[in-house]
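The lines below spell out each chain.
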Amino acid sequence: MSRVYLDFNATTPVEPEVLDAMLPYFSVEFGNAASIHTPGQRARAAVEMAREQVASLIGARPQEIVFTSGGTESDNHAIFGILASPVAQLNLAVSSARTARHLITTTIEHEAVLNACQALDKEGVAVTYLPVDRSGVVDVDRLRAAIRPETVLITIMHANNEIGTVQPLEEIGRIAKEADIYLHTDAVQSAGKIPIDVTTLQVDLLSLSGHKLCAPKGIGALYVRGGTRLRQFLYGGHHQRGFRPGTENVAGIVGLGKAAEIARHSLEDDATRIALLRDKLQQGLLERVPQSRVNAAAAPRTPNTTNLVFPGVEGEALLIALDLKGLACSTGAACSSGAIEPSHVLTAIGLAPEEARASLRFSLGRRTTPADIDFALSVVPAAVAQLRDLSPTYRKAVETR
Amino acid sequence: MIAATQFDTLPGRAEIQRGLIAVAMSGGVDSSAVAALLQQQGHTVVGLTMQLWNQRRLPELQGDGPAQHRCCSLDDVYDAKAVAQHLNFPHYVVNFEAQFEARVVRPFVDQYLAGRTPIACTNCNNDVKFEPLLRMARQIGAERLATGHYARVRRNEETARCELLRARDDSKDQSYFLWGLTQEQLSRSEFPLGELTKEEVRALARRANLPVAEKPESMELCFVPTGNYVQFIHAYSKERGIPLENAEGNIVNEAGDVIGRHNGVHGFTIGQRKGLGFAAGKPLYVLSIDPEKNRVVVGEDDVLRKTNCELEDVNWVSIEKPQVPLRVFAKIRHKHDPAPATVEPLDSNSARVTFDAPQRAITPGQAAVFYDGDRVVGGGWIR
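Chains A and B supply the protein sequences, listed in that same order.
Position 124 of the first sequence, counted from 1, bears residue number 124 in our numbering, the numbering being contiguous throughout.
Here our numbering = 1-based position in the second sequence + 1000.
Please note that a few of the clues may not be correct.
Stated by the list, open to error - Here are some of the chain B residues that sit facing chain A, going by a computed Cβ distance under 7 Å: (1) Tyr1092; (2) Met1136; (3) Arg1138; (4) Gln1139; (5) Ile1140; (6) Ala1255.
Calculated from the structure, these hints are not laboratory results.
Given the structure is predicted, the values throughout are model-derived calculations rather than measurements.
Just so you know, even glycine gets a beta-carbon here, dropped at the ideal spot from N, CA and C.
Using the sequences and the accompanying hints, generate a full structural model.
Pasting the structure below:
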């Protein structure tokens, strides 16, 4: 069966160039980058080159890049690092000095951020979850109003994984700067898709993930602005200037660096080309599937994402039906597959549970072709129609209209 | 397009889904053998495993018994996936936790608290397995849903009805649990194991080299893997905010004299002897349960026998609802020899069953299922 993949927000294939760049570091240049001898130095050189490459992607300085195991670790490190977990420290602060700490985030963050905030909530940190509008955009006035004297961190994702909405980070950065509060952004879905400059955005911390930009899974980075007082998250050796212990995953790091370099050069062309294909898919589906709608259509979005609601169908069933036809896409986020709760993101932008459950996300990638789009347009409308045929409630709704 | 890998040797695109059959896979040897059998017969198979109950939900029940081989445990899902991988067909996990809790677990607990003895498996068949799962199967393009039930279904061309029959292996027959299926449900179901014995099924699984060929059978309720349903009822009630600490009440004889105490009516079933907690001259058995007065009435064995019972929610399977009383062989529980009886349909889906000879321990909450030879004529819940 020939398969078409339209789930690039879940993960991306490793570019051949990236794989080629990585391969020597498994069995040939296999040194430990922390070793003093020559094999170690060669590995060290590769790591530092990758650090430069990643830094260039986001306009940072190399020494501000920490390599991690991925987006989740970067998010956790940023959030707990600023809020100064270990927990014991926090409890002491809370119980002895009653030092309240406050954190601001949004309702549409990835679970890595939300669950970290909820864990801190349980430890006595006050958390504000800013709502978003129907397009998924945060209201910056509400952000301003939410700031308190004890606010220590604002964490707002750059682009959302489910609906693609891009936040006004420049403005948010300005607000954070004025209030002298640390700003972290989860840029896992924006890095490599839209331009990022940490100086323009005025972020202090930024997470990115390798496997979303054609590097392997299990590698990511955390940007830490020079001077940021970030507490340690893991304990061990003194790797990466003491920020992040653990023998460096040299091959993964090299891969991430190469992927970042490729992304930096091809970002503009990719974005234009992919946006056209995305719009063609979106338009085609709206035309061919009655009553379908795009979620967060009015928002500024990453060029590759479109999330549509197909009223009258069960998203899970549609997803399986499409997979059986060879088309891969997703409902909600990959990490919550099988969950019975409707997507928290779709709920936050105002969808009713049935609509949230009837929504599908299509996300394109660098290697998506016009043929892929044609294929999707040929199978999705038929699958939706088939499911609607089997739904007595939908048929009745159509008849009464 | 993505380049081909080892996973691209899947059967041809199911664009019309003709001949696509969904298999309800529990991860056990029976449903796995069904998948193998259907594939051997040339069908295109898709496996579906239901996620029904979160085994980690009730804290009191953690650490009891082995973590594996509980319904919908991760191990069982992996077993099903391993079988699908081995036989090279697509497999998906579908989440029906909400429906299962609403239609199986909660009624199970409520029935016990009301002094009845429920049959969770029948509720699951009626309201989960052959409802949302069957619907999912159809939605993804499968014509029918096959399960590992030991039973048979066939279409009677004369009457134009789907008939439900006992399995050929009487010792494994599960037709008793399927009396609630409608014609619509039966017309879309398949029970490939109905003609096989358990030994033949195991042999099939072995010949197909299924990873689960030697997996032991699970005998317990899928969501109460330890078999300790009393403990489950306590834990679930506690979670609901209605703890059962004060469930104690009196055990009385037929005259109403108090002769003992009990810890909750939900621990008892009609005909039960164990658990009465005291020694009397003659053995005493539970005759009836009175949830309102929180009493368990006990008496001697001969009083346990009755000749009739009333049924509700009667479902006529192999025949249409008859207009006159019918002679059948009726079972009042799974392990019961079908006994000759007369079924009299009443209005509004009720019926009265009158046995030729008194039957021991007719139990409210169980089902009476009527047979005509191998055919399941119908059934209903015992009031």
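Now for the hints, and whether the structure bears them out:
1. Taken as an interface hint, B/Tyr1092 checks out: its beta carbon lies about 5 Å from the nearest beta carbon of chain A, inside 7 Å.
2. For B/Met1136, the interface hint holds, the least distance from its beta-carbon to any beta-carbon of chain A being 5 Å, beneath 7 Å.
3. With its C-beta approaching chain A no nearer than about 6 Å, B/Arg1138 sits inside the 7 Å limit, and its interface hint holds.
4. Taken as an interface hint, B/Gln1139 checks out: its beta carbon lies about 4 Å from the nearest beta carbon of chain A, inside 7 Å.
5. Annotation: B/Ile1140 was flagged as interfacial toward chain A, and the flag holds, the nearest CB pair being 5 Å apart, inside 7 Å.
6. The interface hint given for B/Ala1255 is violated, since its Cβ lies 52 Å from the closest Cβ of chain A, which is over the 7 Å cut-off.
Of the hints listed earlier, the one the structure fails to meet is number 6.
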